[in-house]
Amino acid sequence: MSDTTTDRRGATASPKISVRDVKKTFTLKNEEFVALGGVDLDIADNEFVTVVGPSGCGKSTLMNILAGLDEPTAGEALVDGVAVDGPGPERGVIFQQYALFPWLTVRQNVEFGLKTAKVPRAERRERADYFIRMVGLEQFADALPKMLSGGMKQRCAIARAYAVNPSILLMDEPFGALDALTRVKLQEQLLDTWSQEKRTVMFITHDVDEAVFLANRVVVMAARPGRIFDVIDVNLPYPRTEDVRLSPEFGELRNRVWHSVYHQSTATAGSSDHRTASSSPTT
Amino acid sequence: MSTVTDRTVSTPTPTTRTGVKRSRLLGSRSSVLVLNAISIIGGIGLWWVLALNGFQLPTPPEVLEKGIALAQQGILVEDIAASLGRVLSGFLLGSALAIPVGFLMGWYTIGRGLLEPWIQFFRTIPPLALLPLVLVLLGIGEIPKIFVIFLAAFLACVISTYQGVVSVDRTMLNAARVLGAKDGTIFARVVVPASTPFILVGMRVGLGSSWATLVASELLGAQRGIGARMQAAQIYYDLATIFVGIVLIGIFGLVMDRLLLLAESKLTGWQERR
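Same order as they appear, the protein sequences are chains A and B.
Number 230 in the UniProt record's numbering belongs to position 230 of the first sequence; there are no gaps in the numbering.
Number 178 in the UniProt record's numbering belongs to position 178 of the second sequence; there are no gaps in the numbering.
None of these hints come from the bench; they were simulated from the model.
Predicted, not measured: the structure shown is a model, and the values here were computed from it.
Treat the hints loosely; a few may be bogus.
Straight-line C-alpha distance at most 30 Å; calculated DSS-like pairs for lysine-lysine [to be verified]:
#1 Lys266/B with Lys23/A
#2 Lys146/A with Lys66/B
#3 Lys198/A with Lys118/A
#4 Lys266/B with Lys115/A
#5 Lys266/B with Lys146/A
#6 Lys182/B with Lys115/A
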């Protein structure tokens, strides 16, 4: 499954993902907009990193660059030491809007990537069924997406991404459109899946609780220009249960991340609500 | 994701008329059918009454008799065959060309840039308005008639296909790309199915306008065909035959539309409806 050069966490081995001084600018109506103003980030193999930040901080842009759906204006994104050039099956992507193919059943959706990779029919079916079971959709394998709830759709999308056996999962606010309860359940399920099938995960969210609950490391980004504002290690044990979520350590970390996210947004003129504040943050 | 497809030309089920009684009427298909039947019988009754009261109309039985007589002489079958042959060949050719052209326009900037001005220009001209020109250039045989029908079907379908291709959800295209699909695969397995609802709507509109164009083109010089029969009957003041023609045009139009609707519900049942 995973690569040979790995040892558990960052330190000695070369990083799975490394982002080197990535800049991205858009020109909108002759005005230059800096989505990313020089981002550096290393993610170790099998690490679970969450990225939080206010809207406009470029977190989705960063993910799109890693996915190969977008190109940096300057700098480079490396996966296993090789510069990203277009999308590739080793990087699975999960979108907020599920992006299932509505004319295909759950199973056919999960098989989509296997079919493009010309995996023989029997094996395709077997692998699809394995991942469908993993996300608990076996009873809906032959259902069309329109029959599924939002949470089930996203589970299908997760199975679809896993089926092509990527070593990296890039998730762009995957639970953003779901209700709070479904969200918590899917978070637990995702960690469950991740512990069975270890992958390097970059998970984008705007939900501070979610960011802390899932991650080994939380990356906080700031807007205008989009940049990394803070990186906070989450030294909580896995499996993360409800007890972890209710523990004082969790609360402390959440407060730190919360502060980091919202303190900066007051410094960067007027993007979101919260406290009318003064000093610019120092990191 | 909201696969909002153009539902405007869709089922005219009149279930939601009165806001208040809506919930009671909604879903009771049989009561709608009963109302439909009452309406049809009432309409024919009204026609009959008018015909018997000095309006110069043939009565329903007279029309029916005429229809049977024409059928027995074999004229009716000949006319229907001629008309259906024209409309189907024009419609099928038109749709068959419209789909690839629509895809070309939606998928490639070059295709769009080169083709769109012409399509937009001809779209504003009713195909019938080209008939005088076409008759001069192509003579008075079958070809000019089929050509205008072809044009009618083509223009309706090409716009709709093009719309379908450009409105394919970008995220869905990205999802296919990250699953390793290349352009060809994305086209065949994402763009084509995603635009099927649009294509079918275009075909339905195209069929309606083909049918309308057919009858009108037959009125202008044809030996056979429903329109030609009506034109001939006009000279002899044969109102019953004209009525037979009108009823046939209506029935065939309706049947063809229903067939496409059926195809639509079979092929695009995956759509999420709100």
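Results for each hint:
1. Lys266/B with Lys23/A: violated (48 Å)
2. Lys146/A with Lys66/B: violated (51 Å)
3. Lys198/A with Lys118/A: With a Cα-Cα distance of about 24 Å, the restraint between lysine 198/A and lysine 118/A holds, given a limit of 30 Å.
4. Lys266/B with Lys115/A: The hint holds at about 24 Å.
5. Lys266/B with Lys146/A: With Cα atoms ~15 Å apart, lysine 266/B and lysine 146/A stay inside 30 Å; holds.
6. Lys182/B with Lys115/A: Distance ~12 Å between lysine 182/B and lysine 115/A Cα, so the pair holds.
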